[in-house]
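Protein chains in written order, with the numbering used here: chain F, 1 to 298; chain E, 1 to 162.
The set of hints was computed from the structure by calculation and includes no laboratory data.
There could be a bad hint or two in this list.
Straight-line Cα separation of at most 20 Å, DMTMM-like style, residue types lysine to aspartate or glutamate; simulated pairs [as the list claims (entries may be wrong)]:
(1) K2(E) - E20(F)
(2) K170(F) - D10(F)
(3) K19(E) - E12(F)
Here are the simulated distance ranges between beta carbons [what the hints assert, rightly or not]:
(4) Q99(E) - Q252(F): 44 to 50 Å
(5) D10(F) - D123(E): 43 to 49 Å
(6) K155(E) - T236(F): 51 to 57 Å
(7) N82(E) - K165(F): 34 to 40 Å
(8) K165(F) - Q99(E): 48 to 54 Å
(9) G214(F) - Q157(E): 38 to 44 Å
(10) R196(F) - Q157(E): 38 to 44 Å
(11) G149(F) - G55(E): 34 to 40 Å
(12) A48(F) - K153(E): 45 to 51 Å
(13) P181(F) - A4(E): 41 to 47 Å
(14) R5(F) - K12(E): 23 to 29 Å
(15) A272(F) - G55(E): 40 to 46 Å
(16) S198(F) - K2(E): 36 to 42 Å
(17) D123(E) - D213(F): 26 to 32 Å
What the simulated footprint calls covered on chain F by chain E, stretch by stretch (three residues with Cβ under 8 Å from a Cβ of chain E suffice, anywhere in the stretch; the number is not a length) [what the hints assert, rightly or not]:
(18) 48-59
(19) 105-117
(20) 284-295
For each residue, glycine too, the CB sits at the ideal point set by N, CA and C.
Listed here are the chains, written in short residue letters.
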Amino acid sequence: MSSTRVISVDFECRIPRKLEEALEALNEEGSQVLAGGTDLLNNIKINAVKPSRLVYVLGIPELEFISVEGGRLIVGAAALLSDIEHNRQVVSRFPALVEAINVIGGTQIRNMATLAGNLCNASPGADTPPILFVLDAEVEICWTNGGTGAQRSRLPVGGFFTGPKKTVLKQGQIVHSVSIPLPPEHSGAAFRRLARVSLDIAKINCAAYIERDGDTVHEARIALGSVAPTPVRAPTIEKALDGRRYGGGLFQEAAELVEEDIAPIDDVRSTAEYRRQIASLLVREALQEAWRRSGGKG
Amino acid sequence: MKTAITLNVNGKEYPLEVKANEILLNVLRDRLGLMGTKYGCGIGECGDCTVLLDGKAILSCQSLAFTADGKKITTIEGLEHNGSLHPLQQAFIDEGAVQCGYCTPGMILSAKALLDTKPDPSDQEIKQAIRGNFCRCTGYTNIIRAIKTASEKIKDQGRKQT
Numbered sequence: 001m002s003s004t005r006v007i008s009v010d011f012e013c014r015i016p017r018k019l020e021e022a023l024e025a026l027n028e029e030g031s032q033v034l035a036g037g038t039d040l041l042n043n044i045k046i047n048a049v050k051p052s053r054l055v056y057v058l059g060i061p062e063l064e065f066i067s068v069e070g071g072r073l074i075v076g077a078a079a080l081l082s083d084i085e086h087n088r089q090v091v092s093r094f095p096a097l098v099e100a101i102n103v104i105g106g107t108q109i110r111n112m113a114t115l116a117g118n119l120c121n122a123s124p125g126a127d128t129p130p131i132l133f134v135l136d137a138e139v140e141i142c143w144t145n146g147g148t149g150a151q152r153s154r155l156p157v158g159g160f161f162t163g164p165k166k167t168v169l170k171q172g173q174i175v176h177s178v179s180i181p182l183p184p185e186h187s188g189a190a191f192r193r194l195a196r197v198s199l200d201i202a203k204i205n206c207a208a209y210i211e212r213d214g215d216t217v218h219e220a221r222i223a224l225g226s227v228a229p230t231p232v233r234a235p236t237i238e239k240a241l242d243g244r245r246y247g248g249g250l251f252q253e254a255a256e257l258v259e260e261d262i263a264p265i266d267d268v269r270s271t272a273e274y275r276r277q278i279a280s281l282l283v284r285e286a287l288q289e290a291w292r293r294s295g296g297k298g
Numbered sequence: 001m002k003t004a005i006t007l008n009v010n011g012k013e014y015p016l017e018v019k020a021n022e023i024l025l026n027v028l029r030d031r032l033g034l035m036g037t038k039y040g041c042g043i044g045e046c047g048d049c050t051v052l053l054d055g056k057a058i059l060s061c062q063s064l065a066f067t068a069d070g071k072k073i074t075t076i077e078g079l080e081h082n083g084s085l086h087p088l089q090q091a092f093i094d095e096g097a098v099q100c101g102y103c104t105p106g107m108i109l110s111a112k113a114l115l116d117t118k119p120d121p122s123d124q125e126i127k128q129a130i131r132g133n134f135c136r137c138t139g140y141t142n143i144i145r146a147i148k149t150a151s152e153k154i155k156d157q158g159r160k161q162t
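Construct the entire structure; sequences and hints are all you get.
The structure is reproduced here in structure tokens:
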């Protein structure tokens, strides 16, 4: 039976105090990670997920941090979205990441949910992947083989998603942290999204990043969400901007190539046709704002 | 299998044994008898089940009770002090910010979390703070005015006390 009032499926819980303990518990078949629970509990309520054990990872000190070290911002898997969006380093260096986080749910959701959770839920329309893509973020995964401590490996966020609601994570593996290189001077990033009402999940979203060399685009990265089975980069646009001088409708021209890079579908939130038509406008706006933030004139 | 937890609700400690799948909202309502917190959509969209967890607004219908172990929970019942209403409660009455009343507890708690950190919020900040609380009687204008009125009252009280 499915109900949003009570949870009918029975499971047990583990509240580990240390990462190692959590990883060991997660190696057992039927175990699932519980962080903020804002997606997982809904999935359990509608019987889309039937865990036999939930391993609660919020409050594990090794995962609960936001720091800047070695030229990177590192966000632990248990850091809440609201802590990230109010963190001074994040606010001053990653305004576009703050914008992408700020549109996720209401205040309550952001007081509960995590950045790692937004990635692990792997919704094609999630709001943080596009900006993490263009900022060259990496996801650090951890697991244990038992008795050997926590094993870790890092991969680019672009390689993390394998399909709608699917990631590279295997049973026993969790996200440890997300790290983002501090942006260089003369760079800028921006985030844009469209939704029916402000609290809605996006019909489409997009992020752009530009590294500027005088009045030339030294490097551009663009990514979009809700236009393909996973969030995607837009390599055709990126190539079209590489080394080009700003002006003469450059961004509009490049943004119109977006159709080469996306494969939207009709769903409850929008149509493929609308998404195709509006994508270039969002990309152009994001590029313009990224250019402005990089210090570029015009 | 049950887990022993202690919930601190409105300053009172409740030692409880909960099943892992028990939702915080249901524990508050059905086991502690605190009916002020409402069940609305059950999927984290309407904000009716909002309570404060260590001072922050969260959704009690999206929280498993065991995750609140040892934390301080404030529900709408915890706002009145020695028999007098909290300035937010009074302002909601005075400004006519209540119609059917179903969203009111969550709305007031979201507003309290805001005023506790930003005593003098702008309209924009108020709108942002209650974005996760739906009112379907279209009372937003009065609600925003009530929160403003309460913020002024709280500031006045602060001035008198110092």
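Consistency of the hints with the structure:
no.: 1; hint: K2(E) - E20(F); in the structure: violated (24 Å)
no.: 2; hint: K170(F) - D10(F); in the structure: violated (23 Å)
no.: 3; hint: K19(E) - E12(F); in the structure: holds (8 Å)
no.: 4; hint: Q99(E) - Q252(F): 44 to 50 Å; in the structure: holds (48 Å)
no.: 5; hint: D10(F) - D123(E): 43 to 49 Å; in the structure: holds (47 Å)
no.: 6; hint: K155(E) - T236(F): 51 to 57 Å; in the structure: holds (56 Å)
no.: 7; hint: N82(E) - K165(F): 34 to 40 Å; in the structure: violated (51 Å)
no.: 8; hint: K165(F) - Q99(E): 48 to 54 Å; in the structure: violated (39 Å)
no.: 9; hint: G214(F) - Q157(E): 38 to 44 Å; in the structure: violated (57 Å)
no.: 10; hint: R196(F) - Q157(E): 38 to 44 Å; in the structure: holds (41 Å)
no.: 11; hint: G149(F) - G55(E): 34 to 40 Å; in the structure: holds (36 Å)
no.: 12; hint: A48(F) - K153(E): 45 to 51 Å; in the structure: holds (46 Å)
no.: 13; hint: P181(F) - A4(E): 41 to 47 Å; in the structure: holds (45 Å)
no.: 14; hint: R5(F) - K12(E): 23 to 29 Å; in the structure: holds (25 Å)
no.: 15; hint: A272(F) - G55(E): 40 to 46 Å; in the structure: holds (45 Å)
no.: 16; hint: S198(F) - K2(E): 36 to 42 Å; in the structure: holds (40 Å)
no.: 17; hint: D123(E) - D213(F): 26 to 32 Å; in the structure: violated (42 Å)
no.: 18; hint: 48-59; in the structure: holds (count 3)
no.: 19; hint: 105-117; in the structure: holds (count 7)
no.: 20; hint: 284-295; in the structure: violated (count 0)
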